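Novice: Residue strings, one per chain:
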Amino acid sequence: MNTPEHLPDTGLLRFMTCGSVDDGKSTLIGRLLYDTKAILVDTLSAIEKTSRKRGMEAVDLSLLTDGLQAEREQGITIDVAYRYFSTGTRKYIIADAPGHEQYTRNMVTAASTANLAIILIDARRGVLTQTRRHSYLAHLVNIPHIVVAVNKMDLIDHDPARFDAIVAEYKGFVEKMGLFGEGRDIRFIPMSALNGDNIVERSEAMDWYQGPTLLELLERVPAGHGRTEAFRFPVQFVCRPQDSANPELHDYRGFQGRIESGTVRAGDLLTALPNGRESRVKAVQIGGVAVAEGVPEQSVTILLEDEIDISRGDMLVKAAEAPRQQKEIEAMLCWLSETPLSPARTYLIRHTTRTTKAKLTGVAFKVDVNSQAHVDATQLGMNDIARVGFKLAQPVFADAYAENRATGAFIVIDESNNNTVGAGMLL
Amino acid sequence: MTTKTLSHLDWLEAEAIHIMREVAGQCERPVLLFSGGKDSICMLRIAEKAFRPGKFPFPLLHIDTGHNYREVVEFRDRRAAELGERLIVRSVEDSMRRGTVVLKTPDESRNKHQAVTLLEAIAEFEFDCCIGGARRDEEKARAKERVMSFRDEFGQWDPKNQRPELWSLYNARVHRGENIRAFPISNWTEMDVWQYIEREKLELPSIYFAHQRPVVMRGGAIMPVNVTLAGGEVLNQPRAGEAVLDMQVRFRTVGDIPCTAPVPSDADSVEKIVLETASTTITERGATRLDDQTSEASMEQRKKEGYF
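If you read the protein sequences in the order shown, they are chains A and B.
Read in order, the letters of the first sequence correspond to residues 1 to 427 in the numbering used here.
Read in order, the letters of the second sequence correspond to residues 1 to 308 in the numbering used here.
No wet-lab data here; the hints were simulated from the structure.
Bear in mind the structure is a predicted one, so any value in this text is a computation, not a measurement.
There are no misleading hints in this set.
Selected chain B positions facing chain A (Cβ under 8 Å, derived; list incomplete):
1. Gly25
2. Phe51
3. Leu169
4. Asn187
5. Thr189
Ideal placement from N, C-alpha and C gives every residue a C-beta, glycine not left out.
Just chain A, same shape as in the assembly (with noise of 0.2 Å):
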């Protein structure tokens, strides 16, 4: 960690890592986090006591992702884990998934709020099906930015043709199943998370390397997810102070929420969805004070010139690039909970701010993740991920997944338990 004030702030990334403990992912994970100083003594001497206690020599840098007394009970890990760390200009979130097939539901869960995903690939073994399954799952859920890390080069000898032949064959993997459409950002470093070579410090060992290192590369990745400019502003919360003492308070009405995609200034004219009415902007606020411009990501206060009834659930646009509004939907759709999706039942949607009953009108086909051959289904079972239809009792203000992904995703509720049991892409 370095002290921050000289330096520029270059923003916050999230990124995620795929792969198992055997290709020394959470090695690479205790790496950065280790030559980042965000372990601290105390932690470190409490993993090296839990490393001798289980007889390993070496500290065990995988302990530091194991959160919860039954992962650390039977050596794997359940859930996603959140790690932190700073390099005095940027600030990092690591999603730290475990890379099991029946993780999937996981992986998808930590690819939904990442801008990057690094691909682990084992030197020794090369491409394997679940490296398939994991770069199919960064592409269906939209990582922007793909790093492959071909690990462990040092138990090849760092051997730059074997190196050269893995890029090969991933690139041709890719481009044979139609991952990662034009404009996809991926890179592919080689490295060995052991030794820290290609991870914070440039290696030696293979000065035939020229590109980034891995935290270069994180360094360099533009922060944003913004692919649309399209101004897109799911009401959250109605501000309406209706304060008495205060007359210039009493006609407040601050429409509140996160600008998701595009900018809104003072004299924008917007309309509201689903009335359809226009109005320009009379203000952009936050916390009651005026800011010259909203920005992607940035949660503020929008007042109108005319009086409009607008409430949770209704969506600020401009007119130009107004997004659809559907009442039938179709989707790639990630079942997560143990019972499985029935066509018979009416479920809840919650897409932006917005909630509606839905049902499912057909199954079209199921992905087998590891092939991502199409699979005749009619149900789902946790894990799934199936392209379907729902009907929807209220419309959505939606866009294309692919084209924005705060109003391109949605998830599916169980209403019997609350449960969220379903992660929706809209197509």
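Fit chain B to the given chain A structure using the hints.
Specialist: Below, chain B without anything else, positioned relative to chain A:
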């Protein structure tokens, strides 16, 4: 393509505001936990940014162990009054009188017993969501906690059966009697908190800054002694054979007196604390929370029983 990127503090603040507004939008009777500690002081500023010029759409609640530092209790009351927001205080000592909290020994830390009093307050006011200032970087079990964490009728957390949480689509739906614990600053670290306090020029209780205090060394930690409570009672008398030292210390975290240790420090301003935090080698809880050191799983165990 938009080029403007929020600074990391702006991003964290925007996320926290978004989470608070989701609570306000989804829940009927939420409450914000406010202890007078640094994390909850940040939470109040976030609530101001989320809801002003309106009032907060929730009252403030403090579960008072009765063993809190006088400076913190005074600060708590003053800050709530300045904001013009309603503060509810429920006391572990009332639970002791009711017989719902039974201490093993009179000088036992009351920290874990706050869970009982909190559950009683939840039942009394029918709160369906408690907003708290816990952070994932504090402790291992917290690293896997959801932003909106479901608790059953007994206030229990089931770490193996948490609701999946994707994108920023938070699910705060509950049935009657159940509740949600919402953590808007989940993604903040201790450093982020101090940087935010510095940037927003937030006022803090004086014990966060370096000051002289009588202490003893007990079990490897610095233990404050002869602490005078708001009611005049003097807590933590030195034990026989313990040498009382006058030491310059500050608190990194503020909680129940018998289980919260200060650290040696000469940082008497927020700027100096930011610098000290950047160069520290010990985690916040490792240095200061004696109750987390009993076993590797002690935080997880307390959370399962309804603790924050």
